[in-house]
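Colleague: Sequence:
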Amino acid sequence: MKFNWKIRLSASKQLGNILLWGVCLIMVQSCSKELDAPNPLPFEITDITASADKVVINPSKPSEDALTVSWPAFSNSMISYKIILANGEQRDIVAVPSGAISKRFTQGELNAILVEKLKMTVNVESKLDITVLGLIPSKTLSTTSKTISIQVVPGPVGAAYASLWVV
Numbered sequence: 000m001k002f003n004w005k006i007r008l009s010a011s012k013q014l015g016n017i018l019l020w021g022v023c024l025i026m027v028q029s030c031s032k033e034l035d036a037p038n039p040l041p042f043e044i045t046d047i048t049a050s051a052d053k054v055v056i057n058p059s060k061p062s063e064d065a066l067t068v069s070w071p072a073f074s075n076s077m078i079s080y081k082i083i084l085a086n087g088e089q090r091d092i093v094a095v096p097s098g099a100i101s102k103r104f105t106q107g108e109l110n111a112i113l114v115e116k117l118k119m120t121v122n123v124e125s126k127l128d129i130t131v132l133g134l135i136p137s138k139t140l141s142t143t144s145k146t147i148s149i150q151v152v153p154g155p156v157g158a159a160y161a162s163l164w165v166v
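Per numbering that gives the first Met the number 0, residue 0 is the first one in the sequence shown, and the count goes up by one each step.
Where hints are given, some of them may not hold.
Here are the simulated DSBU-like pairs of lysine-lysine, each with C-alpha atoms no more than 35 Å apart in a straight line [said to hold, decoys possible]:
| no. | residue 1 | residue 2 |
| --- | --- | --- |
| 1 | K102 | K145 |
| 2 | K81 | K60 |
| 3 | K12 | K118 |
| 4 | K118 | K60 |
| 5 | K53 | K12 |
| 6 | K81 | K53 |
| 7 | K102 | K118 |
| 8 | K145 | K53 |
| 9 | K145 | K60 |
| 10 | K12 | K60 |
Using C-beta positions, here's what the derived DEER-type ranges look like [stated by the list, open to error]:
| no. | residue 1 | residue 2 | range |
| --- | --- | --- | --- |
| 11 | S141 | D52 | 21 to 29 Å |
| 12 | R90 | P155 | 17 to 25 Å |
| 13 | T45 | I25 | 15 to 23 Å |
| 14 | V55 | P96 | 26 to 34 Å |
| 15 | L24 | T45 | 45 to 53 Å |
| 16 | S74 | I147 | 33 to 41 Å |
| 17 | W164 | S74 | 42 to 50 Å |
| 18 | K118 | D52 | 21 to 29 Å |
| 19 | T45 | P96 | 40 to 48 Å |
| 20 | F73 | L14 | 47 to 55 Å |
| 21 | T139 | N57 | 38 to 46 Å |
| 22 | D64 | T146 | 20 to 28 Å |
| 23 | S74 | T143 | 18 to 26 Å |
| 24 | N122 | F42 | 36 to 44 Å |
Worth flagging that the hints you see were computed from the coordinates, not collected in a lab.
We put the beta carbon where it would ideally sit given N, CA and C, even for glycine.
From just these sequences and the hints, can you work out the full model?
Modeller: Given below as structure tokens:
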């Protein structure tokens with residue numbers, strides 16, 4: 000009995016064509032879908048929080064924490080934040096490192112801002128308004144938070160000690 004190779008080759012050729020068409024159809028089907036790109040998170044600062052409602056500066060402990068301002072956002076190095084501290088017409092802008100979503104002020108740092116930049120009177124309770132400004136420089140986008148107010152009592156500025164003896 001003689002085997003007919005022409006029929007076998009013809010069948011394998013047809014099977015190859017069917018597989019080739021099947022692969023092409025799968026590729027076309029996978030490419031015809033619309034791109035579902037992820038939606039970017041909203042660029043907004045909804046609420047900001049302060050770690051205290053009232054801060055009394057202790058000038059004898061300048062390196063201790065006085066106040067932490069934080070806001071809900073995702074950490075992103077493309078977004079830079081600035082904190083605007085205001086007392087009436089006086090204001091100061093404090094830069095925050097890119098990607099940070101909070102700023103910690105020490106007693107000495109906050110006291111210097113209150114007395115020297117915002118011109119507050121020492122040992123007198125005053126209102127401090129805090130606002131956060133978010134910027135994306137590459138897209139020229141910006142957003143501003145709501146303003147919160149806290150009470151602060153600045154301390155005297157200067158050396159923590161009246162005299163210093165080196166032995």
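Colleague: For each hint, tell me whether it holds in the structure or not.
Modeller: Hints versus structure:
{"no.": "1", "hint": "K102 x K145", "result": "holds, 17 Å"}
{"no.": "2", "hint": "K81 x K60", "result": "holds, 26 Å"}
{"no.": "3", "hint": "K12 x K118", "result": "violated, 90 Å"}
{"no.": "4", "hint": "K118 x K60", "result": "holds, 21 Å"}
{"no.": "5", "hint": "K53 x K12", "result": "violated, 85 Å"}
{"no.": "6", "hint": "K81 x K53", "result": "holds, 22 Å"}
{"no.": "7", "hint": "K102 x K118", "result": "holds, 22 Å"}
{"no.": "8", "hint": "K145 x K53", "result": "holds, 19 Å"}
{"no.": "9", "hint": "K145 x K60", "result": "holds, 31 Å"}
{"no.": "10", "hint": "K12 x K60", "result": "violated, 87 Å"}
{"no.": "11", "hint": "S141 x D52: 21 to 29 Å", "result": "holds, 28 Å"}
{"no.": "12", "hint": "R90 x P155: 17 to 25 Å", "result": "holds, 22 Å"}
{"no.": "13", "hint": "T45 x I25: 15 to 23 Å", "result": "violated, 46 Å"}
{"no.": "14", "hint": "V55 x P96: 26 to 34 Å", "result": "holds, 27 Å"}
{"no.": "15", "hint": "L24 x T45: 45 to 53 Å", "result": "holds, 48 Å"}
{"no.": "16", "hint": "S74 x I147: 33 to 41 Å", "result": "violated, 22 Å"}
{"no.": "17", "hint": "W164 x S74: 42 to 50 Å", "result": "holds, 46 Å"}
{"no.": "18", "hint": "K118 x D52: 21 to 29 Å", "result": "holds, 22 Å"}
{"no.": "19", "hint": "T45 x P96: 40 to 48 Å", "result": "violated, 21 Å"}
{"no.": "20", "hint": "F73 x L14: 47 to 55 Å", "result": "holds, 53 Å"}
{"no.": "21", "hint": "T139 x N57: 38 to 46 Å", "result": "holds, 42 Å"}
{"no.": "22", "hint": "D64 x T146: 20 to 28 Å", "result": "holds, 22 Å"}
{"no.": "23", "hint": "S74 x T143: 18 to 26 Å", "result": "holds, 20 Å"}
{"no.": "24", "hint": "N122 x F42: 36 to 44 Å", "result": "holds, 41 Å"}
Going through the hint list in order, the structure does not satisfy hints 3, 5, 10, 13, 16 and 19.
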